[in-house]
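Order-wise, the sequence lines are chains A and B. Residue numbering for the first sequence follows my numbering, beginning at 2 and increasing consecutively. Residue numbering for the second sequence follows my numbering, beginning at 2 and increasing consecutively.
Hint data in this document are derived by calculation from the structure and do not stem from the laboratory. Source: prediction; values computed, not measured. Keep in mind that a hint or two might mislead.
Which copy? The list can't say, so a pair holds if one copy fits it or any two copies do.
[To be verified] DSSO-like cross-link-like pairs, simulated, lysine-lysine; straight-line CA separation at most 27 Å:
1) Lys-108 with Lys-64
2) Lys-123 with Lys-143
3) Lys-107 with Lys-143
4) Lys-80 with Lys-102
5) Lys-64 with Lys-123
6) Lys-80 with Lys-132
7) Lys-35 with Lys-78
8) Lys-107 with Lys-80
9) Lys-102 with Lys-143
2 protein chains.
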Amino acid sequence: MNVEFINPFLNALLNVVGMMGHTELIAESPRLKKNDISMGDVSGLIGMVGPQTKGSLSITFEKSLALRIMQRMLGEKTKEINEDVTDMVGEITNMVTGGAKKELGKKGYDFDMATPIVVSGKNHTIDHKHKSKGHVIIIPFKSDSGRAFIEICFE
Amino acid sequence: MNVEFINPFLNALLNVVGMMGHTELIAESPRLKKNDISMGDVSGLIGMVGPQTKGSLSITFEKSLALRIMQRMLGEKTKEINEDVTDMVGEITNMVTGGAKKELGKKGYDFDMATPIVVSGKNHTIDHKHKSKGHVIIIPFKSDSGRAFIEICFE
Numbered sequence: 002m003n004v005e006f007i008n009p010f011l012n013a014l015l016n017v018v019g020m021m022g023h024t025e026l027i028a029e030s031p032r033l034k035k036n037d038i039s040m041g042d043v044s045g046l047i048g049m050v051g052p053q054t055k056g057s058l059s060i061t062f063e064k065s066l067a068l069r070i071m072q073r074m075l076g077e078k079t080k081e082i083n084e085d086v087t088d089m090v091g092e093i094t095n096m097v098t099g100g101a102k103k104e105l106g107k108k109g110y111d112f113d114m115a116t117p118i119v120v121s122g123k124n125h126t127i128d129h130k131h132k133s134k135g136h137v138i139i140i141p142f143k144s145d146s147g148r149a150f151i152e153i154c155f156e
Numbered sequence: 002m003n004v005e006f007i008n009p010f011l012n013a014l015l016n017v018v019g020m021m022g023h024t025e026l027i028a029e030s031p032r033l034k035k036n037d038i039s040m041g042d043v044s045g046l047i048g049m050v051g052p053q054t055k056g057s058l059s060i061t062f063e064k065s066l067a068l069r070i071m072q073r074m075l076g077e078k079t080k081e082i083n084e085d086v087t088d089m090v091g092e093i094t095n096m097v098t099g100g101a102k103k104e105l106g107k108k109g110y111d112f113d114m115a116t117p118i119v120v121s122g123k124n125h126t127i128d129h130k131h132k133s134k135g136h137v138i139i140i141p142f143k144s145d146s147g148r149a150f151i152e153i154c155f156e
């Protein structure tokens, strides 16, 4: 996978969560997903299809972080991952992918986005399946309220 | 959502799991997802993008059913949802969507498929997010080894 693909997603997540969620995420280095597992409690997933490529993106949050962003973004304090939280995670997923799509479009990489899917469940894990093994990039993030992960797969 | 979209997915799952997994699934009536929750332990998800539409598909299995199909399809008996099982669920998701794509293409509905994603986690739930509420179709299936659900969302 082209490394140019990675930073637009990373930056878009920092921007969206920072500006709208008033929460600073600190990114660790992007790396090929080998032994890493991105375990979390709520994830936004989206498919991407372009003329030259196809792929998938996931953004996984620990519950504590998702609820904190919810509180800071919408002023709504909840104890559980309810539909408002999954709506927010779906919207973050859309905005991050849309932001990255715009940046990548300027460089000549075009793709269309499918509709997002949000998964809820304690300690779930995500596997991006692709024909050519070893092409999933994972970016871990930490914050004052828990961890998040982006995973990007392009064929 | 056009009802013509539903049967190709339903039939493709019956065929794939029946022929390759030697397991008979019995479909309940497709219905709009309102109060239904499709809770399961391993799910295959895929994004779809076409000139007229975009959407997403998920196929969710209870653990008992996924492990039984694994055993019948590959002769491999496992007690946990490991990478072999998630590979199988990703492949089923690809085959079902590919089969439906072929049928729908004959009717003039074209779309491309993103890469599949497989989610593992006890009792997770799936939300297909879309702009126009009320357009997720859910089809529950039962079998001798547990339940499965297809959810289809087209915008």
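Hints versus structure:
Within a single copy, Lys-108 and Lys-64 get their C-alpha atoms no closer than 35 Å, and across copies no closer than 43 Å, so neither meets the 27 Å cut-off. For a Cα distance limit of 27 Å, the shortest separation of Lys-123 from Lys-143 qualifies both inside one copy, at 18 Å, and across copies, at 25 Å. Neither within a single protomer nor between protomers do Lys-107 and Lys-143 lie at most 27 Å apart by alpha-carbon distance, with minima of 29 Å and 48 Å respectively. Taking the shortest alpha-carbon separations for Lys-80 and Lys-102, neither the intra-copy value of 33 Å nor the inter-copy value of 41 Å comes in at or below 27 Å.
Taking the shortest Cα distances, Lys-64 and Lys-123 sit within 27 Å of each other both inside one copy (8 Å) and across copies (16 Å). Taking the shortest alpha-carbon separations for Lys-80 and Lys-132, only the inter-copy value of 26 Å comes in at or below 27 Å, while the best intra-copy value is 40 Å. Taking identical chains as interchangeable, the C-alpha atoms of Lys-35 and Lys-78 lie at most 27 Å apart only when they sit on different chains, with a minimum of 25 Å there against 36 Å within one chain. With identical chains, the CA atoms of Lys-107 and Lys-80 are never at most 27 Å apart, being 41 Å at best within one copy and 48 Å at best between copies.
For a Cα distance limit of 27 Å, the shortest separation of Lys-102 from Lys-143 inside one copy, 24 Å, qualifies, whereas the shortest one across copies, 40 Å, does not.
Against the hints set out earlier in the document, violations occur for numbers 1, 3, 4, 8.
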